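Taken in order, these protein sequences are the chains called Z and X.
When we follow the numbering used here, the leftmost residue of the first sequence carries the number 1, and every step to the right adds one.
When we follow the numbering used here, the leftmost residue of the second sequence carries the number 1, and every step to the right adds one.
Simulated from the structure, these hints should not be mistaken for lab results.
Remember, it's a predicted structure, so these values are computed and weren't measured experimentally.
One should not assume that every hint holds.
Claimed, not checked - So the derived label-pair ranges between C-beta atoms look like this:
hint, chain 1, residue 1, chain 2, residue 2, range
1, X, D392, Z, Q186, 14 to 24 angstroms
2, Z, G74, X, E52, 48 to 58 angstroms
3, Z, T241, X, D392, 46 to 56 angstroms
4, X, M109, Z, D158, 18 to 28 angstroms
5, X, D392, Z, A73, 36 to 46 angstroms
For glycine and all other residues, C-beta sits at the position ideal for the given N, C-alpha and C.
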Amino acid sequence: MSRIGVAFDKARADGRAVLVGCMPAGFPTVEGSIAAMRAMVEAGVDVIEVEIPYSDPVMDGPVIQRASDIALAGGVRTADALRIIEAVAAAGAPVVTMTYWNPIEQYGVDAFARDLAAAGGTGLITPDLIPDEAAEWLAASDTYGLDRTFLVSPSSTDARLEMTTRHCRGFVYATAVMGVTGARAQTSDAAPILVSRVRGVTDLPVGVGLGVGTGAQAATVAGYADAVIVGSALVRCLLDTPDLAGGLAALRTLSAELAEGVHNPAR
Amino acid sequence: MSADALSAAYPDTAGHFGRFGGRFVPEALVAALDELDGAWRAATADAGFRAELDALLRDYVGAPSLLYEARRFSAEVGARVLLKREDLNHTGAHKIRNVVGQALLTRRMGKRRVIAETGAGQHGVATATAAALFDLECVVYMGEVDTRRQALNVARMRMLGATVVPVTTGSRTLKDAMNEAMRDWVANVDDTHYLIGTAAGPHPFPAMVRDFVRGIGEEARQQCLDLTGGLPDAVAACVGGGSNALGIFHAFVPDADVRLYGFEAGGEGVETGRHAASITGGSSGVLHGTRTYVLQDADGQTVESHSISAGLDYPGVGPEHAWLHDSGRASYLPVDDDAAMAAFELLCRTEGIIPAIESAHALAGVRVIAPKLAAELGREPVVVVNLSGRGDKDVHTAGEYFGILDKEQ
Numbered sequence: 001m002s003r004i005g006v007a008f009d010k011a012r013a014d015g016r017a018v019l020v021g022c023m024p025a026g027f028p029t030v031e032g033s034i035a036a037m038r039a040m041v042e043a044g045v046d047v048i049e050v051e052i053p054y055s056d057p058v059m060d061g062p063v064i065q066r067a068s069d070i071a072l073a074g075g076v077r078t079a080d081a082l083r084i085i086e087a088v089a090a091a092g093a094p095v096v097t098m099t100y101w102n103p104i105e106q107y108g109v110d111a112f113a114r115d116l117a118a119a120g121g122t123g124l125i126t127p128d129l130i131p132d133e134a135a136e137w138l139a140a141s142d143t144y145g146l147d148r149t150f151l152v153s154p155s156s157t158d159a160r161l162e163m164t165t166r167h168c169r170g171f172v173y174a175t176a177v178m179g180v181t182g183a184r185a186q187t188s189d190a191a192p193i194l195v196s197r198v199r200g201v202t203d204l205p206v207g208v209g210l211g212v213g214t215g216a217q218a219a220t221v222a223g224y225a226d227a228v229i230v231g232s233a234l235v236r237c238l239l240d241t242p243d244l245a246g247g248l249a250a251l252r253t254l255s256a257e258l259a260e261g262v263h264n265p266a267r
Numbered sequence: 001m002s003a004d005a006l007s008a009a010y011p012d013t014a015g016h017f018g019r020f021g022g023r024f025v026p027e028a029l030v031a032a033l034d035e036l037d038g039a040w041r042a043a044t045a046d047a048g049f050r051a052e053l054d055a056l057l058r059d060y061v062g063a064p065s066l067l068y069e070a071r072r073f074s075a076e077v078g079a080r081v082l083l084k085r086e087d088l089n090h091t092g093a094h095k096i097r098n099v100v101g102q103a104l105l106t107r108r109m110g111k112r113r114v115i116a117e118t119g120a121g122q123h124g125v126a127t128a129t130a131a132a133l134f135d136l137e138c139v140v141y142m143g144e145v146d147t148r149r150q151a152l153n154v155a156r157m158r159m160l161g162a163t164v165v166p167v168t169t170g171s172r173t174l175k176d177a178m179n180e181a182m183r184d185w186v187a188n189v190d191d192t193h194y195l196i197g198t199a200a201g202p203h204p205f206p207a208m209v210r211d212f213v214r215g216i217g218e219e220a221r222q223q224c225l226d227l228t229g230g231l232p233d234a235v236a237a238c239v240g241g242g243s244n245a246l247g248i249f250h251a252f253v254p255d256a257d258v259r260l261y262g263f264e265a266g267g268e269g270v271e272t273g274r275h276a277a278s279i280t281g282g283s284s285g286v287l288h289g290t291r292t293y294v295l296q297d298a299d300g301q302t303v304e305s306h307s308i309s310a311g312l313d314y315p316g317v318g319p320e321h322a323w324l325h326d327s328g329r330a331s332y333l334p335v336d337d338d339a340a341m342a343a344f345e346l347l348c349r350t351e352g353i354i355p356a357i358e359s360a361h362a363l364a365g366v367r368v369i370a371p372k373l374a375a376e377l378g379r380e381p382v383v384v385v386n387l388s389g390r391g392d393k394d395v396h397t398a399g400e401y402f403g404i405l406d407k408e409q
C-alpha cells in the first residue's frame, strides 16, 4: 500500500479526515516552496499536494494562476519540481503531485513515473487527463506503483463515475463545484451529493477540493469526505505577504486552523 | 490509404486524427462535450436542421461566396489565381459559417448563453452577430493586446450587444482568451455553449467546426470546375487554428492531384523564435484540450507566439492539420510578417481588394509556390486561394506598418 493509503487508513481508524494542502512547486522560489510545504506539514497538514506549474492552467482560478506564473517566471522546471517533491517527502508527509498533462508528456510519461517514484512521490492528480486518454499513464503508473487520482465532477454521469473511479488508485478527487480552483464564501451543496454518489461505486477514499478556505468550511467538508483539499487559500498567504517569513507565519496559522477543522470537526 | 479513405475514416468516434486530437479536458466538461457531440450528430441527420442552416447561409451569410479570377494579381505572381471571396460574407470572414451552425445547435440544446474566444475579433463579431439574431446572451474573451490592435472589432461586438472581456493573463492574446473561455465554461456549462471559433479544442469541436465550414471548399470545387473546366492545381489558405484552411481543403482531400498548401504565420522569421508557425516550428503536445503541434519549450510550457496578424497569433493548430501534415496530404509553409504585408499591398493595388492580414499570408504563399508549380507542370498553375476575410479591421495595423497615417492620427 502506498504511503497515502496508509495515511487514509490511519485517519479512518482515528475516525477523522485527512487534510491535503496544495502548493505550486517553485512558488515563490524553489527554496521558498520547500520551506512553505515543510511549514504546512509542521502545522498539521497531513498530505502535501505539489502542483507542477503549467503555462495554461485552465482548471485554476486567479490565485494559483498568479503563483504558477511567478514560479515559471523564476525559471522552475519539471526537474526542480521532482527535487522539491523529494525534499518534502523526506520531511515526513506523503506527497501527491498534481499537474496538467503536457509537462508530463514532454518529460516522457514512463520517465516521469520512474522519476516521481524515485523521488518518493505517491502518485499523480491529473486535472486534464481523463481515463479515456490515459493508456500510457495507466501502464506507467502500474509499472512504478504510483497512485492515480482522476477527477470526478457533479456533472459526471453514473457510468463515468464508475469508469473513472475504477481507474483510480489511492483516492478519488471530487470537484465540489462546477468551476475553477479558488476559495469561495460558502461550501458547495453539490459536494455531499457527489461524494455519496462516488461511495456508491467505489470503496476508495474520496477527497473534496475547490472552494475550501477556512477552518469552519474544512470542518463541514470533513463531515462527509475522507480528505479536504485546500489550495488557493494557502497560496494566498504567500501571495498577499511581501516577505517570505511573514508569508510562512500566515501559512502556519491557516494550516493549523484548517487542521483543527479537519481533525476535530465536531469541536 | 487512398485519399477517399483518408477523408472518410477520420476522426474516429473519440475524435482522434491518427495520434492527434482527442479530449484532454477536466472531467467537468465531458458531459457537455458528449451532449454537444450527440446534438451535432442528431442535427446532421436531421433534414430540417440542414434546411434551416442552408437557408441561413444563403439568405443571411450570403453563401455561396464568389470565386473571383484575380487577373491583375495573377499576372504579378505567375499563377492563375482564383479568390474564394469569403471576405464578402456577412461580418466579413468565413467565421460566420461556423457560428450560425453552432448557434443553431445552441438553440437546439436549449442553452441561452454563448461564450467565445477571439483573436482578430472576426470570430467574436460573428458570434455577437449570431447571438443578436438568435437572442442569446454573449460574452467574448479577447486578449488585452488584441483589444488594442483590433479596436474596431471590439466596438462592433459591443454595438451588437455582446460583453467583451479583455484578458490580462499570460501573453494577453488568443491563447489566454481561450484559457479564460474554458474557465468560464467549466463554471457555467449547464446553460452555456462555448462557441469555439476554430477547428481546434477537444472533440467534437475540430470535426464539427470543419463540417460547418466545409461548404467553402465544396462551393469552390464546383465553381472552379464551372469556370475553368477542371480542378485547380493547388488550393492555398492561411493557417492559425486552421478553420478556413480545413473549410477549403476538405472537399479537395480526395482529389489526389490537387495540392493543398497551408501557410502559417512566420512572424519575424521561424529562425528568430518569434513566430506562430506551430507545424513548421513546433512539436507534438497537448494544448486546449487536444493533442496537436504546439509551440512549447522542453518542459511542455507553451511558448508565446508572434505574428502581425492577431487571427494567426496562436501557439497551436487544429489536430486535423497536424494529421494532414504527418500524412503528407497537405504541405505547411511559413510566411513571415513582411511577406504577408507585401502581398497585402499587392492585392490592394492590383485588385482593389483589401484583404485581412491573415488571408494575406495565403496570398504571399502563392508567390512562393507559383514558380515551383509552373516549373513542375510546364504551364501556368491554377491556384484557388481562400480569401478568408476582409481587411477593414486591419487598417490601423497596416497603416502603421506602411507609415501612411498622418502624424496627428
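The hints, checked one at a time:
The supplied range of 14 to 24 angstroms is broken by D392/X and Q186/Z, whose beta-carbon atoms lie about 48 angstroms from each other. Between G74/Z and E52/X the Cβ separation comes to about 54 angstroms, which falls inside the hinted range of 48 to 58 angstroms. Hint check: T241/Z to D392/X, Cβ distance near 49 angstroms, so the stated range 46 to 56 angstroms holds. Our hint of 18 to 28 angstroms for M109/X and D158/Z holds, since their Cβ atoms are close to 21 angstroms apart.
At about 38 angstroms, the beta-carbon gap between D392/X and A73/Z stays in the expected band of 36 to 46 angstroms.
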